[in-house]
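Asker: So you can see what is in the structure, the chains are spelled out below.
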Amino acid sequence: MTKVADTLKRVVVGRPMSSGELQHTLLPKSIALPVFASDALSSMAYATQEVLLVLAIAGATALPFVFPIAGAVAVLLAIVIVSYRQIVRAYPGGGGAYVVAYENLGMYPGLTVAASLLIDYVLTVAVSITAGTDAIVSALPGLAEHKVVVTIGLIALVSLANLRGSKESGRLFAVPTYGFVLCMYALIVTGFIRCIGSCPQAESSGLPLEPEHALTAFLLLKAFAAGTTALTGVEAIAEGVPVFRFPQSKNAAATLGILGAISISLFLGVSWLADHTNVIYTEESHLTVMAQIGDAVFGGGVMFYVLQVLTALILVLAANTAYTGFPVLASILARDRIMPRQFVNRGDRLVYSNGIVILSVFASLLVYAFDANLNRLIQLYLLGVFLSFTLAQAGTVVRWRRTREPGWQKSATINAFGAVVTGIVMVVVLLTKFLEGAWIVVSALPVIIFMMRAIHGHYSEVRRELAHPERVPADRRPGNQHMVMLVQRVDAASARAVGYARSVRPASIVAITFDKVNAPTWARLAPEIPLQVLEQEGSRTNSIKTFLRRRREDLSSDDFLTFVVSEILRSRSTFEIVKGWRIQRTKASLRREVGVQVLDVPIVEDEIDPAVDQAREPARNYVSVLISGVNNASLQAMEFAETLRPTSLRGVHFGLDPEEAERIGDEWLDARVPHPLEIENSPFRDIGLSLINYIRSEFQPDGVNRVATVVIPEFIVRKRRHEVLHNQTALVVIKRRLLFEPGVVVVSVPFYL
Amino acid sequence: MARPPDELRAESLRVWAERLAGTIRLAEVEARRRAKVAGVIQNVRIDPREGRSFIEATIVDGSGSELVVRLTGRMSLAGWQLGEGLVVEGTVADRDGVLMMLNPEWDLVAGPEHG
Chain A
1 MTKVADTLKR VVVGRPMSSG ELQHTLLPKS IALPVFASDA LSSMAYATQE
51 VLLVLAIAGA TALPFVFPIA GAVAVLLAIV IVSYRQIVRA YPGGGGAYVV
101 AYENLGMYPG LTVAASLLID YVLTVAVSIT AGTDAIVSAL PGLAEHKVVV
151 TIGLIALVSL ANLRGSKESG RLFAVPTYGF VLCMYALIVT GFIRCIGSCP
201 QAESSGLPLE PEHALTAFLL LKAFAAGTTA LTGVEAIAEG VPVFRFPQSK
251 NAAATLGILG AISISLFLGV SWLADHTNVI YTEESHLTVM AQIGDAVFGG
301 GVMFYVLQVL TALILVLAAN TAYTGFPVLA SILARDRIMP RQFVNRGDRL
351 VYSNGIVILS VFASLLVYAF DANLNRLIQL YLLGVFLSFT LAQAGTVVRW
401 RRTREPGWQK SATINAFGAV VTGIVMVVVL LTKFLEGAWI VVSALPVIIF
451 MMRAIHGHYS EVRRELAHPE RVPADRRPGN QHMVMLVQRV DAASARAVGY
501 ARSVRPASIV AITFDKVNAP TWARLAPEIP LQVLEQEGSR TNSIKTFLRR
551 RREDLSSDDF LTFVVSEILR SRSTFEIVKG WRIQRTKASL RREVGVQVLD
601 VPIVEDEIDP AVDQAREPAR NYVSVLISGV NNASLQAMEF AETLRPTSLR
651 GVHFGLDPEE AERIGDEWLD ARVPHPLEIE NSPFRDIGLS LINYIRSEFQ
701 PDGVNRVATV VIPEFIVRKR RHEVLHNQTA LVVIKRRLLF EPGVVVVSVP
751 FYL
Chain B
1 MARPPDELRA ESLRVWAERL AGTIRLAEVE ARRRAKVAGV IQNVRIDPRE
51 GRSFIEATIV DGSGSELVVR LTGRMSLAGW QLGEGLVVEG TVADRDGVLM
101 MLNPEWDLVA GPEHG
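Chains A and B supply the protein sequences, listed in that same order.
1 is the number of the first residue of the first sequence in our numbering; add one for each residue after it.
1 is the number of the first residue of the second sequence in our numbering; add one for each residue after it.
No wet-lab data here; the hints were simulated from the structure.
Do not take every clue at face value.
Unchecked claim - What the simulated footprint calls covered on chain B by chain A, stretch by stretch (three residues with Cβ under 8 angstroms from a Cβ of chain A suffice, anywhere in the stretch; the number is not a length):
1. 15-29
2. 59-73
3. 77-85
Stated by the list, open to error - The calculated label-pair distances, taken between Cβ atoms and stated as ranges, are:
4. B:R34 <-> A:E659: 26 to 36 angstroms
5. B:A27 <-> A:A261: 29 to 39 angstroms
6. A:L534 <-> B:L8: 49 to 59 angstroms
7. A:S508 <-> B:L8: 23 to 33 angstroms
8. A:R402 <-> B:E30: 55 to 65 angstroms
9. A:F246 <-> B:S65: 35 to 45 angstroms
10. B:A110 <-> A:T403: 24 to 34 angstroms
11. A:E659 <-> B:E50: 50 to 60 angstroms
12. A:W439 <-> B:L8: 49 to 59 angstroms
13. B:L8 <-> A:L140: 41 to 51 angstroms
14. A:R591 <-> B:S65: 37 to 47 angstroms
15. B:L8 <-> A:P28: 49 to 59 angstroms
16. B:A110 <-> A:L172: 26 to 36 angstroms
17. A:V447 <-> B:E50: 30 to 40 angstroms
Virtual Cβ for every residue (Gly too), placed ideally from N, Cα, C.
So here's chain B without its partners, still in its complex pose (with noise of 0.2 angstroms):
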């Protein structure tokens, strides 16, 4: 029988994630290091409010994990779009149990669902 789809998606995730040169997965990233890793954007938050405005994507690689990036003081999702893949690097932090990195360097690549 065929497996189902979320375990044939993580499939498709790792294979597009190896091929990003350079990056290490997200199940290996820890707290507090310095990083480089890919994953496709699974959802987007936007805060427009005074002083503390951001924009937030949460990644996912098809090894487990996930990780928070946010960018504050945007006022534009610049391509930032569901499906889309993210190579960001730089230190990861623990909030609350939720890995995430805050303001890192970052590159828009092609999903894996994009040729």
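Bound conformation, chain A alone (with noise of 0.2 angstroms):
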């Protein structure tokens, strides 16, 4: 490319960094204020609206109580943020709710703010994206018919960028954050000056509003609760300390404070403005708040297009926020095993795609079922927010009991303060929001929590049954090698698997066919191997199925009985498994079936060789066994590969995470494993093309001379829906393009669990 593409390159996108580069990049306060802030800020675009739309119930006459409730809102935004520094201060580590309500208050506390946490960021999706149309429908009201497609098409929009794998950029966040506030701060100034005298009137000032009902003390709870929808967001910072320049705690607490008080000047303002330029707001409005605000105060013109344009895209970044924290949770989730294990490597494409996926379609489907409406959607947020306020606040005061740091007190007085005030207003958020929608969240929340409560259950049951010392490899000897050839037609395929079984020397060998006519090619070729020709009973597969249980029932339980599979692959393309479908179907099917290993021996059309393609033995077999953790399914695959009198036998670890591949090493030492384990780097994070290189560089297989076996045990869950929380798939990956690789062999062992 040219220099000035490159140059250009680099303005737009910045000089090249390498992954660890990024992570570890620690952000100044100016940096992490936008990143952190933008969910916190964003709210401010909505939350004196949603005011308003409470109070206009009750006529023209209760409008003016917008600025004392806004005051009121801006208290126990103040209480919070106090309470939140304490916080950051307990978990220089960055918390999050869930760890400290997990840590503090126990497993059913941690499993609530869980499930709220993720019906949270789904919501962050759903409401700012859906406010971001508002305020660009409120500059092209033409937009207005088409708000439920505009609202999903910009979460498709964000989250096709972020599965690009866009990483938040401090900068990039700096900018629209930074303008916003400026813009809002624009905003305020020009509106107190021009108020002096006589303040702009709103569009909608002279609107008629008629009273539907009496202005009672509950209609003003509802008003303060409604606005309590400026606290959205704070939690943020808590969450992210570690990202922070040292001396990290007190930056953190620092970024806090401005971000309270930021929050708390704009909210106050913008409802000060919201009263005296006398916008009226009702269901019906076409015009947000901030826009007929804006309008009246700017007079129209550019600064009214700039406010809305930034408004939009602080909220489109409140809601990046969410696709960011999102892995971060599951991950933490998975780790603690609540979650489906796929979630664990966050730098997993693969997984993060998910993440994404599930994220979007969950946000997408609120906003199609609430018609893009933000005040209904919003009916649903508050109530997830708070209960992670109090449990996180609840969990620190018993934190600092337990702990007694200089100063405990203090902190834990503030704390204990800040808990019973969110405790509070979430009550009274349950109380005035039930009907409206927050119903949905509070018969949502145990059907989750019960799900993350059933997936624990799974995983430790998994845990205990992988873990039971019924192995111990050093005094064991393993059983005998028995093989079931599958014989589909006499070629060049099924004289390989001839020649790979010849050199395994199994202690007892037998072929099957369902074709007659294979049997006398059959005896030229493997003389020794008697064959059997089977009568179709069903489907094949179900023959062959009935043959094996027959077979494994005369064969001692440490015996391994393989079933051996030759196939001729007619060119590279993955469709070829789709033309090859039925023996597809026999291996995938046999996967359930207990005590048998299925042994793929693949041959690629154009390799086929006739001179040298004759059952000859390989005089090389190097096997390895895929380990992704020291346990009876990893140490009953390797029993079976020792039998396969191999020239070579290790371990392999591609290690995702280096901690665990090192706990994974010490584990095979402490185990005693009598072969060697290779724990290789896997740069790119794709396990199958890490394998693919280390076989190439380490074995050159040819096929006929050199063959390399890949052994992968798996777990065979008992019940089917359980395999979703076996990433299984990923092998299955694996092993599809393992089977185009020359002279590989792959092999499963399953772990019946």
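Two chains, two separate frames, one set of hints: put the complex together.
Answerer: And the structure:
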């Protein structure tokens, strides 16, 4: 590429950084503020509006209450900020509400917080993007009819950006966030100046507004609850302490203070302007409160559009924080074994994508179900926020009482007070919003908690079974190897399979076929291996299963029964696998057959050399067992591998997580497995690719003289629905890729839980 | 156009290794001489077999060469993790074209990807 293009890219994208560098870049306060505050500040775009909407029910005379209510919310915001400054001090590791509640209050409070945080992330996306659409629609009223489409389109856009792997970059956040804050201050200051004398009036100020309801204390509480929207997003800083520059806790606390000051002043300023410009906002309004105030204060013009654009941008950024927060939380939850383990490794692209897709799908469903109506969506939002505020603060109080650090009484008092206040607000939110939508969250929470509990139960059981000290490798002698070979045709592939089987020297071997015409050619190819012609009863797969079960009954439980399949792949495309569906289906259904290993000898057609494919025994058979943990499943696979009479035998672990890799290494040493283990790097987090590169460079298999066997231990869970919890799809992908690798034989060794 | 990731990684390794005082680059290492070198752990091998147990790591420093560091008789990895840095000092041996240090003095240091 040209120098100009290179320079352009540097300017747009910045200097190239390695991924490690990016992760460990610590943020100064000036960048950390926009990164974490976009969520909290974006709620300024709709908090005042939500208060006005409730007050409008009681008619025009109720509207001036907006400012005192904003004052009360500001006090609440101040309390929460002060309290969270203590949490930041207590958890310099960046606890987040879930960790705090789980550590100090126990499993169920932890699960409650986890569930409400997950719901919150979905709602953050739905609410922020819907509010962003509102800002766009206020500037371009023609789009009003297509709000749902625009909103879901925006969600798709944000998730696409995240699927491509865009990392949140501080400067990217800084411009719109600071721009939004400056624009808001410009709005408020201009508004104050123009209010000297008489205030400019909003477009809607003159509209008739009939009271539908008396101004009751309950209605005021409801308006207050609506205003507490301003608090959403405050917790983000407490979760992100580790990315701050040193001294981390101090900087994070300072940033929280700045965020609080900005939020409070913006909220009060906007609410004051709303009062004085006499904005009226009802369900029927097409323009947002911010748009109306902006129009009145700036008198339309450029600044009005700038305000709308920046508002939409910061709302999209707020949604984006959910896209970065969700995978982090999911990975913490998966590590604690309350979410599927596919979420553990954040860097694994497939996994990351899963989280993003799930988040987008749920957010889009909500937007669709609620017709992209911000005022209805927001009713669901606050309960989870205050639930996690309350439990996080209560958890921190428990922690202070336990650690008794110097000055703990003061901190504990602040947190306890905060917990009580947010607890009360939570009850208010629940009471005032239950019928409007909070009931959905109230009923979803126990369902999610129950599912997490069930997932945790399953993983704990699997762990117990895998760790059962049934296999002490050093003291065990593996059983014998018995083989059953499926002959579809007598061809180059079956010749290779015969050669392979000969090198293994199994205790017994029998070939089966459904076609009598194979018999004479088979007798020439492998006279020492008896060929049995099976009568087809039902499907071929069923006949094979029946045969294998009978064979299995005759063997001792230590013995291995291996089903050998050979196939010719006509081309190197994955489409080939679709064409060979029959054998694939047989292999897939045998996966669940107790006590049977499936060994696959594939050959790609253009590799066939009639001169050499004469069922010759390969001189070398290098066996590698894919290790993902030291447990009964992998040790059983090692024992199986021993029966293959390998030239060399080793375990191979591809370390996505260096700490886990070290632990596996130590466990391997502890277990005294009588074979070496190699811990290999997987730089692109693609185990299939790393494995293929490893096999090529270590063994140079050619399929004739040198064969590489890859043994893959697999868990087979009793209930099929539990398969979701074990990332077996990754194994399927790896196996599929290995099929096309010359000279590679793949064996699945199932372990039944 | 940005350079390929391998080249970028090699460069960040070189910058990292230069900073460790007293070490020479792996490309300058010669067999049968003492040397003090630094490198990042690329892969780890463990062999717990009775009588010959060892742990072994291949380290690289972006200079194009690699070195195998082997400790015999150990039954723990003691912090040897992929991506961590090792500073080793000992005599280099040539084993079938592979440079190797047997039981050198060694120290773990933060790898280039840890700030």
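Asker: Give a verdict on every hint.
Answerer: We went through each hint and held it up to the structure:
1. 15-29: With 0 residues close enough to chain A, the hint is violated.
2. 59-73: violated (count 0)
3. 77-85: Holds, because 7 residues of the stretch 77-85 of chain B bring their Cβ atoms closer than 8 angstroms to Cβ atoms of chain A.
4. B:R34 <-> A:E659: 26 to 36 angstroms: Holds, at about 33 angstroms.
5. B:A27 <-> A:A261: 29 to 39 angstroms: 56 angstroms, violated
6. A:L534 <-> B:L8: 49 to 59 angstroms: About 58 angstroms separates the Cβ atoms of L534 of chain A and L8 of chain B, which means 49 to 59 angstroms holds.
7. A:S508 <-> B:L8: 23 to 33 angstroms: 55 angstroms, violated
8. A:R402 <-> B:E30: 55 to 65 angstroms: Once the Cβ atoms are compared, 58 angstroms apart, the range 55 to 65 angstroms for E30 of chain B and R402 of chain A holds.
9. A:F246 <-> B:S65: 35 to 45 angstroms: 36 angstroms, holds
10. B:A110 <-> A:T403: 24 to 34 angstroms: With Cβ atoms ~29 angstroms apart, the hint holds.
11. A:E659 <-> B:E50: 50 to 60 angstroms: 28 angstroms, violated
12. A:W439 <-> B:L8: 49 to 59 angstroms: 53 angstroms, holds
13. B:L8 <-> A:L140: 41 to 51 angstroms: 43 angstroms, holds
14. A:R591 <-> B:S65: 37 to 47 angstroms: 45 angstroms, holds
15. B:L8 <-> A:P28: 49 to 59 angstroms: 25 angstroms, violated
16. B:A110 <-> A:L172: 26 to 36 angstroms: Hint holds: Cβ distance 28 angstroms, inside 26 to 36 angstroms.
17. A:V447 <-> B:E50: 30 to 40 angstroms: 54 angstroms, violated
The structure shown violates the earlier hints numbered 1, 2, 5, 7, 11, 15 and 17.
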